[in-house]
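Trainee: If you read the sequences in order, they're chains Y and G. Take the first sequence: its position 293, counting from 1, is numbered 292 in numbering that gives the first Met the number 0, and each next residue is one higher. Take the second sequence: its position 251, counting from 1, is numbered 250 in numbering that gives the first Met the number 0, and each next residue is one higher.
Warning: the hint list may mix true and false statements.
Unchecked claim - For the chain G half of the interface with chain Y, some residues (derived, Cβ under 8 Å), not all of them: (1) P9; (2) L49; (3) P51.
To be verified - Some chain Y residues judged to face chain G by a derived CB distance under 7 Å, without partners named: (4) F70; (5) P177; (6) A321; (7) G324; (8) M330.
In short, the hints are calculated from the structure, not lab data. The structure presented is a predicted model; accordingly, all values stated were derived computationally and were not measured. From the three backbone atoms N, C-alpha and C, an ideal C-beta is built for every residue, glycine too.
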Amino acid sequence: MKRLTEEKITHLHGAGGAVMEKLLLEHILPKFSLRRAGPIGLDELDDGAVVDLPPGKLVVTTDSHVVKPLFFPGGDIGKLAVTGTVNDLVVMGARPLALTLALVVEEGFPIADLEQILASAASVLSELGVPLVTGDTKVMGKGELDGLVINTTGIGIAENPVSDGGLRVGDYLVVTGPVGDHGMAILAARNELPVETPIQSDVAPLWPALERALTTGGITAMKDPTRGGLAAALNEMARKSRVGIEVWEEKIPVRPEVQGLCELLGFSPYELACEGRAVIGVAPEKLEEVLAALRAHPLTAEAQVIGQAIPEYPGKVILRTAVGGRRFLEMPIGDPVPRIC
Amino acid sequence: MAEIFQLRDPLLARRFRELLWRWAPNRPVRIVHVCGTHEITIAQHGLRSLLPENVEVLEGPGCPVCVTSTQDLDCALRIAEKGAILCTFGDMTRVPGSRMTLEEARAEGADVRVVLSAADAVEIALRNPQKPVVFFAVGFETTAPGTAAVLANRPPENFFVLVSHKLIPPALGALLSTPPVSIDAFLAPGHVSTVIGAGAYREISEKFRVPIVVAGFEPLDILYALSLALRQLREGRAEVENAYPRAVTEEGNLRAKELFREVFQVGPAIWRGIGEIPDSGFYLREEFAKHDAKREFGVEGKMGEEKPPGCRCAEVLMAKAFPTDCPLYGKVCTPMTPVGPCMVGSEGACNIWYRYSGRPRL
Numbered sequence: 000m001k002r003l004t005e006e007k008i009t010h011l012h013g014a015g016g017a018v019m020e021k022l023l024l025e026h027i028l029p030k031f032s033l034r035r036a037g038p039i040g041l042d043e044l045d046d047g048a049v050v051d052l053p054p055g056k057l058v059v060t061t062d063s064h065v066v067k068p069l070f071f072p073g074g075d076i077g078k079l080a081v082t083g084t085v086n087d088l089v090v091m092g093a094r095p096l097a098l099t100l101a102l103v104v105e106e107g108f109p110i111a112d113l114e115q116i117l118a119s120a121a122s123v124l125s126e127l128g129v130p131l132v133t134g135d136t137k138v139m140g141k142g143e144l145d146g147l148v149i150n151t152t153g154i155g156i157a158e159n160p161v162s163d164g165g166l167r168v169g170d171y172l173v174v175t176g177p178v179g180d181h182g183m184a185i186l187a188a189r190n191e192l193p194v195e196t197p198i199q200s201d202v203a204p205l206w207p208a209l210e211r212a213l214t215t216g217g218i219t220a221m222k223d224p225t226r227g228g229l230a231a232a233l234n235e236m237a238r239k240s241r242v243g244i245e246v247w248e249e250k251i252p253v254r255p256e257v258q259g260l261c262e263l264l265g266f267s268p269y270e271l272a273c274e275g276r277a278v279i280g281v282a283p284e285k286l287e288e289v290l291a292a293l294r295a296h297p298l299t300a301e302a303q304v305i306g307q308a309i310p311e312y313p314g315k316v317i318l319r320t321a322v323g324g325r326r327f328l329e330m331p332i333g334d335p336v337p338r339i340c
Numbered sequence: 000m001a002e003i004f005q006l007r008d009p010l011l012a013r014r015f016r017e018l019l020w021r022w023a024p025n026r027p028v029r030i031v032h033v034c035g036t037h038e039i040t041i042a043q044h045g046l047r048s049l050l051p052e053n054v055e056v057l058e059g060p061g062c063p064v065c066v067t068s069t070q071d072l073d074c075a076l077r078i079a080e081k082g083a084i085l086c087t088f089g090d091m092t093r094v095p096g097s098r099m100t101l102e103e104a105r106a107e108g109a110d111v112r113v114v115l116s117a118a119d120a121v122e123i124a125l126r127n128p129q130k131p132v133v134f135f136a137v138g139f140e141t142t143a144p145g146t147a148a149v150l151a152n153r154p155p156e157n158f159f160v161l162v163s164h165k166l167i168p169p170a171l172g173a174l175l176s177t178p179p180v181s182i183d184a185f186l187a188p189g190h191v192s193t194v195i196g197a198g199a200y201r202e203i204s205e206k207f208r209v210p211i212v213v214a215g216f217e218p219l220d221i222l223y224a225l226s227l228a229l230r231q232l233r234e235g236r237a238e239v240e241n242a243y244p245r246a247v248t249e250e251g252n253l254r255a256k257e258l259f260r261e262v263f264q265v266g267p268a269i270w271r272g273i274g275e276i277p278d279s280g281f282y283l284r285e286e287f288a289k290h291d292a293k294r295e296f297g298v299e300g301k302m303g304e305e306k307p308p309g310c311r312c313a314e315v316l317m318a319k320a321f322p323t324d325c326p327l328y329g330k331v332c333t334p335m336t337p338v339g340p341c342m343v344g345s346e347g348a349c350n351i352w353y354r355y356s357g358r359p360r361l
């Protein structure tokens, strides 16, 4: 008979003793093929990691992930936790150098699920060639949290860091692919839709697709449209850059199935989260070069120019609608779909 | 879906825009619609920016949640406090009565449930035979057939209805007879008109000499309807025109209208912000009195309106003010912290303006 501690997470798994060590050594560490970025890494199970720094500026980001459900079409919380942090580094213009991962697990959580989640986190990192250098595991009592929370912290190196406030009047706004897939996929996974849909989350790390575009020097501002979607990202960019932004509705890529469900549900696709897209400000003289670099990679092959920074209405986003009307695209009030990332 | 996108065709939209500019009379024009869904289309697609400067479009009393009187809300609250399961539409739970909202009553222990239809409330009654279940029936001629249908279908003994259904044509008449009147034409709501038919507006159009155009809900539907209204004004005509013939007939839905006659009688009703309008409300016929929640629970709301200080919802509902004319709009009154009913209801003009644009005429 299998013992309870081999099937489900118990408080012993977070107690720092032999049971926890067994969990780490047998179930967690082996998933990750790259485990160091310097003399001390994951294998040492030390109090921290020591990382060799290449030249450039260090970029740090952190994010806690609480998606519900933990498994959704196109991914799971493991893939999301790693991707989210990698993408935050990428939109800062940084090459991801190393990640940390901290688990907070509810007592009774199936170890097989945890393994599957960590395996998918690990496969994203090994494809990117980014090591996991340190981590942490805590267990909370039954009912004290909903399954699993994953925090990831990432460091990256940027020669020329990109902020989300660097837009200048005349810069073009580019979105790297259709918007709203992740938010709609999560809704579908929660069985909150009146119809079945094949929509998959777009969760994917952006580094391989954006690496070349970053070397053009034409990127003036960048943001990943996660919570609050495209509308929140554009509003933040306009506000911080102190410029207006005009976007053209007919140019914004939205999959027909996402658009159709939005019509049905009264949602705006511009407010739904993406997890594998970037909104990029591009200097006009570099536009062709940046687009060519993006379109050369399958993840960003559908990149589109959707608008331009304008001198009027600084801090605001204006949407020119398909029928030729103009209105402000406001900052979303809340997220139409909570707990998405 | 493809059909919907045709109704957003940019080239056709440009041609309608030309017609709007050509037909607009050379004087200030106010066109009033009475439908939250129209307002959403107008705001979402930025249609006001396509109109000539002198043409204004306002939402009147088009949000059923917004026009429900404090009196009826207070009745619902009292019924919920008396231990019934109170079922109603989502937005209704957030509208303030004179003491509190239904949501607040729920927090204090009342059993208030959100349903999508009258039939859902009947389901709840069947599942809880030992408890009285009350459906707080709000809405215009669009939701009233659902209420009538469940009553006509012999609902269980423990099912009651607090009827607060309101009728659109008398409201149009009231707006035109409350001075100062500055309404040049109406867009009639497409959904209501599928039920009552375009013919239902003829009397008002003739009596007040006002053009009334039945409009659909896609951007081109609205632009088409506006252009017909402007053409009537330019040519000095005042008629009912149907710009939504793919859904609306002259007579409307005969089965629904028959159900109305079977279940309801017409009487005066209080509209929040407007006051009493004769013949604008539905009441249960004597045959259905045993399902009348007011009678069962002995509740009658107290007359008179509680109005939050500074709130201009009344003028917004009367189509005498834009949401942005209100000093509270967007400052203390937002969808997160609504003060007046027009900010609570998702079909309320203030709520829609806040969500879609803030200042729709860009």
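Trainee: Decide, hint by hint, whether the structure agrees.
Mentor: Do the hints match the structure? See the list:
1. Because the smallest distance between the Cβ of G:P9 and any Cβ of chain Y comes to about 6 Å, under 8 Å, the interface hint for this residue holds.
2. A distance limit of 8 Å between C-beta atoms decides the matter here; for G:L49 the minimum to chain Y is near 5 Å, and the interface restraint holds.
3. The beta carbon of G:P51 is not positioned within 8 Å of any beta carbon in chain Y (closest approach about 14 Å), and the interface hint is therefore violated.
4. Here the hint on Y:F70 is broken, as its CB sits about 29 Å from the closest CB of chain G, past 7 Å.
5. At about 16 Å, the closest approach between the beta carbon of Y:P177 and any beta carbon in chain G exceeds 7 Å, and the interface hint on this residue is violated.
6. Taking 7 Å as the C-beta contact cut-off toward chain G, the hint placing Y:A321 at the interface holds, the least distance being around 5 Å.
7. The beta carbon of Y:G324 comes within 3 Å of a beta carbon in chain G, closer than 7 Å, and the hint placing it at the interface holds.
8. A cut of 7 Å between beta carbons decides the hint on Y:M330: the least distance to chain G is about 10 Å, and the hint is violated.
Figure legend: structure checked against the earlier numbered hints; hints not met, in rising order: 3, 4, 5, 8.
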